[in-house]
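Novice: Here is how the chains run, residue by residue.
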Amino acid sequence: MNYLYLDTTSSFLYAGIVRDDSLLAEKKEYLGKDLSTKALSFIAEMMASVHLKPNDIDKIILVNGPGSFTGCRIGITIAKVYAWTLNIPITVISSLEAMALIDDEYDYHVPVIDARRDYVYAGIYDLENNPILKNQYIKKSVLETAVENMSDCYVYITNDDIVLNGDVKKYDPNILMIVSKFRDKECVNPHSIDADYLKLTEAEEKLNGSIS
Amino acid sequence: MKDIYILGIESSCDETSCSIVKNGREELATVISSQIDIHKNYGGVVPEIASRQHVKNITMVIEECLEQAKMKMTDIDAIAVTYGPGLIGSLLIGLEAAKTLAYIYDKPLVPVHHIAGHIYANNLVKEMHFPLLSLVISGGHTELVYMRDHLNFEKLGGTLDDAVGECYDKVARVVGIPYPGGPQIDKLAHIGKVNYKLPSPLNDDSYNFSFSGLKSAVINLNHNEEQKGHSLNKEDLAASFQKVVVDTLCKRVEKAISEKEIKYFVTAGGVAANSDIRSALAQICDENHIEYSFPSIKYCTDNAAMIASAGYYYYINGRTATLDINAQSSVDLY
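Chains as they are written, first to last, in our numbering: chain A, 1 to 212; chain B, 1 to 334.
In short, the hints are calculated from the structure, not lab data. A quick note: this is a predicted structure, and the numbers were derived from the prediction, not measured. It cannot be assumed that every hint is accurate.
Mimicking BS3-like on lysine-lysine, the simulated pairs with C-alpha atoms at most 30 Å apart in a straight line are [claimed, not checked]: (1) Lys56/B / Lys28/A; (2) Lys107/B / Lys53/A; (3) Lys56/B / Lys199/A; (4) Lys185/A / Lys56/B; (5) Lys107/B / Lys199/A; (6) Lys107/B / Lys28/A.
Reference listing, derived: stretches of chain B covered by chain A, where coverage requires no fewer than 3 residues with Cβ under 8 Å from a Cβ of chain A [said to hold, decoys possible]: (7) 42 to 50; (8) 59 to 65; (9) 88 to 100; (10) 312 to 326.
By construction, the Cβ of each residue, glycine as well, lies at the ideal position given by its N, Cα and C atoms.
Using the sequences and the hints given, assemble the complete structure.
Specialist: Here it is as structure tokens:
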């Protein structure tokens, strides 16, 4: 079984190909504003490097957010078109769920993505990657208080330039570990795949009256 | 000669569309998923919401198009896609989908300029011949384009501020007509009389347009009437406003006809559906013995059939792109 892993929810492209229990190839590139131009070229390059054609993939594991709105949409569009047109099974996981999956000694993993204006996207996970605090759009200070009240043994995981009260680890995904963990997750219809933004657009919030 | 099938994708604003066109002229299937009902709630297109909707719709639209045409991706010769101008977040969805299909099926990727697409909507109605003058009028564009041959675009002039369709929508909003107000203004204009005096925009000798002054004049007129405790007669305002718009557009078209060799005239874009604009332009063409065509109403607004039609000519001219092409919110027509 060949698994294609794809995460473009941040300024980085994280892509990998796992065959059974080994990592065949991976791309971890900071692309920033070049994500839209380079993501697919890098995926094609990675596939070619291990002599795989698009239809050699047996399952796609897609990270569908939260994170950069545009970043999420780029990876999702690539993956849902890929899965739909070649009829390849596809499953989606959260960026925070993937970020929480690190190998260390802390009791709690707190993946954090900067959502600007003192807000973050975050969740709290235990050592088995079970969510203790569900993924949400939350004020940074509120998250920090919640984490501090829960345990002394926690670590924040982030790729963003944000100041957090506690130990912070830079996110560097172990693609083999993530794929191994989620490869049996239930598949979804590619047409139904959407980004998990965790936040309405400003226009929707204004219309709903949640901001003035 | 072998038939060439182009699959076109368009997502530059708030319509997700896919179409398959044979040999640049024969539309086999077109699917358009419009978001207009969503954006109505906000009084206009909200870019972030538009992008979010495109992601939801894109694969369903392509699948339905292939089903309607009874074709598979392997039957397609090339994939044409709008790469600009337009809303960047919206453009990216169609472009990324097109790139992915091009990669998976190893098909040529053909980037198409949105305005070229609007012009080529006419090619689906009647074969275009040259030299040709095109008036592109929509919510995002107002341009006068001269073509000596296929894909040979010379922009004679364009709007210096608001697009004509944008001006229609804003005037409609002033008098309380919900978005999109353009078609409603056209209807009201046929009921009302030209009783309000509005300024003629940009009275110079160029090919350019300007609609912000006209828009401000309507806003000021409404404000003044309100201060007097009166309300504007919507029908008369619509008639007065539309008269100025028609005269402004016709003046530039007549200037081009008098100065250029023109055998064929086309108009394009959402505002090309306007009945008064169509009849005035038809009259000018008749008087000057110039053949013309107007796209049918379904081809006036954004659609992928026009992209596939233009894409055919780009494709046979070898104008393809690699997977690293980017979307561009603003880009010259070439």
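Novice: Now, for every hint given, state plainly whether the structure supports it.
Specialist: Verification of the hints:
| no. | hint | in the structure |
| --- | --- | --- |
| 1 | Lys56/B / Lys28/A | 27 Å, holds |
| 2 | Lys107/B / Lys53/A | 14 Å, holds |
| 3 | Lys56/B / Lys199/A | 16 Å, holds |
| 4 | Lys185/A / Lys56/B | 22 Å, holds |
| 5 | Lys107/B / Lys199/A | 37 Å, violated |
| 6 | Lys107/B / Lys28/A | 27 Å, holds |
| 7 | 42 to 50 | holds (count 4) |
| 8 | 59 to 65 | holds (count 4) |
| 9 | 88 to 100 | holds (count 8) |
| 10 | 312 to 326 | holds (count 5) |
Violated hint: 5 only; the structure is consistent with all others.
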